[in-house]
Amino acid sequence: MDFGLTKEQKDIQMAAREFAQGEFDPDVALELEKEGKYPFEIWNKTRDLGFIGMHIPEEYGGQELGILDNALVVEEFCRQNSGIGMALGLSIFGSEMILRFGSNDQRKKHLPSITKGKSASSLAYIEEDQGKDFASFKTTATKTNSGYLVNGNKSFVVNGTLPGFVIVLCQLANSEKPGEQVALILPKDTDGLVATEMGGRVGMRMLKIATLSFNDLEVSHESLIGGEGQGQNQLMNYLNEMNIGAAAMATGIAQGAFDLGLAYAKQREQFGRKIGSFEAIRDKLADMDTRIEVARLLTYRAAWHFDNNDPNPKINYMAKMVSADTALEVAKDSLHIYGGYGYVVEERIEQFYRDASMVDIIGMPGETDKSLIADQIIGKI
Amino acid sequence: MDFDLTNEQKAIRDMCRKFAREVISPRAEELERTEEHPYEIIEQMADLGMMGIPFPVEYGGGNGDWVGMHLCIEELSRGDILFGAILDITTSIVGQELFAFGTEEQKQRWLIPIAQGKELGAFGLTEPDAGSDAGATRTTAALEGEEWVISGSKQFISNTGLDNSSIVIITAKTPRDSDGKEIICTIIVPEGTPGFQVGEKYEKLGMRAAATHELVFNDCRVPRDYLLGDIEKGFAQHLTVLETGRISVAAVATGLAQACFDEAIDFTRRRLQVDKYLSTSQRIPFKLADIAMRIELSRNMYLKAAWLKDKGEKHRLEAHFAKLYGSETATEIVAEVLKIFGPYGYLDEYPISRYFKQAKLWEIVEGTSEMQRLIIARELL
Chain A
1 MDFGLTKEQK
11 DIQMAAREFA
21 QGEFDPDVAL
31 ELEKEGKYPF
41 EIWNKTRDLG
51 FIGMHIPEEY
61 GGQELGILDN
71 ALVVEEFCRQ
81 NSGIGMALGL
91 SIFGSEMILR
101 FGSNDQRKKH
111 LPSITKGKSA
121 SSLAYIEEDQ
131 GKDFASFKTT
141 ATKTNSGYLV
151 NGNKSFVVNG
161 TLPGFVIVLC
171 QLANSEKPGE
181 QVALILPKDT
191 DGLVATEMGG
201 RVGMRMLKIA
211 TLSFNDLEVS
221 HESLIGGEGQ
231 GQNQLMNYLN
241 EMNIGAAAMA
251 TGIAQGAFDL
261 GLAYAKQREQ
271 FGRKIGSFEA
281 IRDKLADMDT
291 RIEVARLLTY
301 RAAWHFDNND
311 PNPKINYMAK
321 MVSADTALEV
331 AKDSLHIYGG
341 YGYVVEERIE
351 QFYRDASMVD
361 IIGMPGETDK
371 SLIADQIIGK
381 I
Chain B
382 MDFDLTNEQK
392 AIRDMCRKFA
402 REVISPRAEE
412 LERTEEHPYE
422 IIEQMADLGM
432 MGIPFPVEYG
442 GGNGDWVGMH
452 LCIEELSRGD
462 ILFGAILDIT
472 TSIVGQELFA
482 FGTEEQKQRW
492 LIPIAQGKEL
502 GAFGLTEPDA
512 GSDAGATRTT
522 AALEGEEWVI
532 SGSKQFISNT
542 GLDNSSIVII
552 TAKTPRDSDG
562 KEIICTIIVP
572 EGTPGFQVGE
582 KYEKLGMRAA
592 ATHELVFNDC
602 RVPRDYLLGD
612 IEKGFAQHLT
622 VLETGRISVA
632 AVATGLAQAC
642 FDEAIDFTRR
652 RLQVDKYLST
662 SQRIPFKLAD
672 IAMRIELSRN
682 MYLKAAWLKD
692 KGEKHRLEAH
702 FAKLYGSETA
712 TEIVAEVLKI
722 FGPYGYLDEY
732 PISRYFKQAK
742 LWEIVEGTSE
752 MQRLIIAREL
762 L
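Just so you know, the sequences run in chain order A and B.
One point on numbering: in this note's numbering, the residue at position 132 of the first sequence is 132, and numbering is uninterrupted.
Numbers in this note's numbering are just positions in the second sequence, counted from 1, shifted up by 381.
Only true hints are included.
Computed list of chain B residues with no C-beta within reach of chain A, every gap over 12 Å:
id, residue
1, D395
2, L543
3, G573
List time: in silico BS3-like cross-link candidates among lysine-lysine, alpha-carbon distance up to 30 Å:
id, chain 1, residue 1, chain 2, residue 2
4, B, K668, A, K132
5, A, K177, A, K138
6, A, K208, A, K37
7, B, K399, B, K685
8, A, K284, B, K668
9, B, K562, A, K274
10, B, K582, A, K274
11, A, K370, B, K668
12, A, K118, A, K108
13, B, K562, B, K614
14, A, K274, B, K554
15, A, K37, B, K582
16, B, K614, A, K274
17, A, K314, B, K668
18, A, K10, A, K266
19, A, K266, B, K554
20, B, K668, A, K380
Calculated from the structure, these hints are not laboratory results.
The beta carbon of each residue, even a glycine, is placed where N, CA and C say it ideally should be.
If we strip away everything but chain A, and leave its shape as in the complex, we get:
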């Protein structure tokens, strides 16, 4: 048993913390958040410094470190600013589909563009009125002599209007076996693909989230990840892995919200005392910190399993659910400590509250995961 971070991991954590403290200017962040703008400048710097894709091998432009190292960075970024943190943390969303299941050629071709180039990856898997197990898609891939013809619509595509590639989950239209799925990689600036930014939302406002519509879009055979029929399995595996990243973001959001609430409690006076000296607030802060510690432990454990070649889907799920719940509860309590000021945009805590509202939709949808875990625990009865 060893709960310590290595020297290298501590250095990474500190580097990420210092970078975020130095570069995430609060006024700039307020502006980006208000206008719903992507943090391009900060993103460029993080990429130059190697913060993007810590867990991707060096030959593909990464740092060849672990999921835990990546989690530490993402946590620190979200701690400083939930919006910027999520935008950066999700700039490589979906690219592990290629890292884990793609060919060497596909990795070489695509991954450096997101770690080193000016691209953000996307994964298009959400459709309207979709079953929660992703067992079928309305978007189709029709086999042609040279590859596939893609038709359909996807929504909630993260980074949908940013340059880069998108991995699209499709149902094979003319498959021998009905229900077979494919994951196809294609560039976002392709004829036949229209990306439309989705409107305002509760949180994650800096992200570019779009609907994508595919109209007779031709892609080659080389765009297929793995083999035909593997799409759903790859997706479920990836989304479960992504739970670790989401858990790290949630932990960071919780910590950042807590930092603000704690500072406010130590500074605000009512009834002639700092409000942090009242038992009700002290207990609240103690509970918040306890929850964050629990979330962090589970998150690091999930990452540790993964990095030690023993990925544990159940722990990944638990880490995300606990962290997501914690983020929302802690942000809510922190905002509450602010009282009326908590409602004022300038005070920043409201952004953490909004961003904390639904971290569990990143990666595997919570309820899908819960069903899978229950399957695993209960087995056949």
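Position chain B relative to chain A; hints supplied.
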């Protein structure tokens, strides 16, 4: 025991429900987005007699009761809580304070247009350093000849800065004639009085259309007879009407929770069809059962408090229970429903997003949950 509403109360509830559905709901998203004050809706509410339900006809009211008034607040809040919030302040607090403690002249001059809904009243209690500790008022009122000279500032004051804002009833410190000891009195200050400045509108997490401002008083002079009620009991008078304000907050929160529940029921019916889990699905239906139960409890609590008030009985604890339970329940319900909706609930084009941003406020305004518990506990011990 009798849980029936009178015919008049039922008529009010049904009229307000219809009004919320037909007039308010279709505008709610736009109001939150454009942050514009809905003058024309308030005008219609005034024409329908919603603004002065509990006051006698001779003062422009509807000769109704507080149960009817709060049914109106709940139903309007189902359309958009902005309208419940406006009513809470102008009718439950300001109108009542004038009615209960005002001179005949004050009632004629200010209560009648407020009860008729032609003008909106505001109350100014909170200051930068007087939040939960409302007694820490720094604003001062000094009697100079036949005038009160007011200096200081008030914070987070709603219903101000509008074309039809009439007065703000403020609390201010003043030296007692006999011994010079500082007491808190309440004074009526009409908008537009020289030296009374309405500051910038706050940019808020939610309920952005509410006209909430900082107020600054700088050598602001009003006639001596603008003092409201007993000079010695200003603070106590204010607290008395705030007791009703708590019932109103509970009704607002209940309306918000009900609106959220209505959406969740519709959404779940559609989802269950998509997932074809109708016979075995329990997770969400059970959640809905809990939500429905809690809303019913919230409603019963505020109605009981209003009923006691109508009977002229003590209802202090009940008002606190209603406010505390209703507001905390609303926040929790909205977070649950957001999860039920999944990513779609996150978008501003669906109402859940708005509910999420509006809900937390009610645990803060008119006494945070901590203050509610403090007062309840004091009463019990």
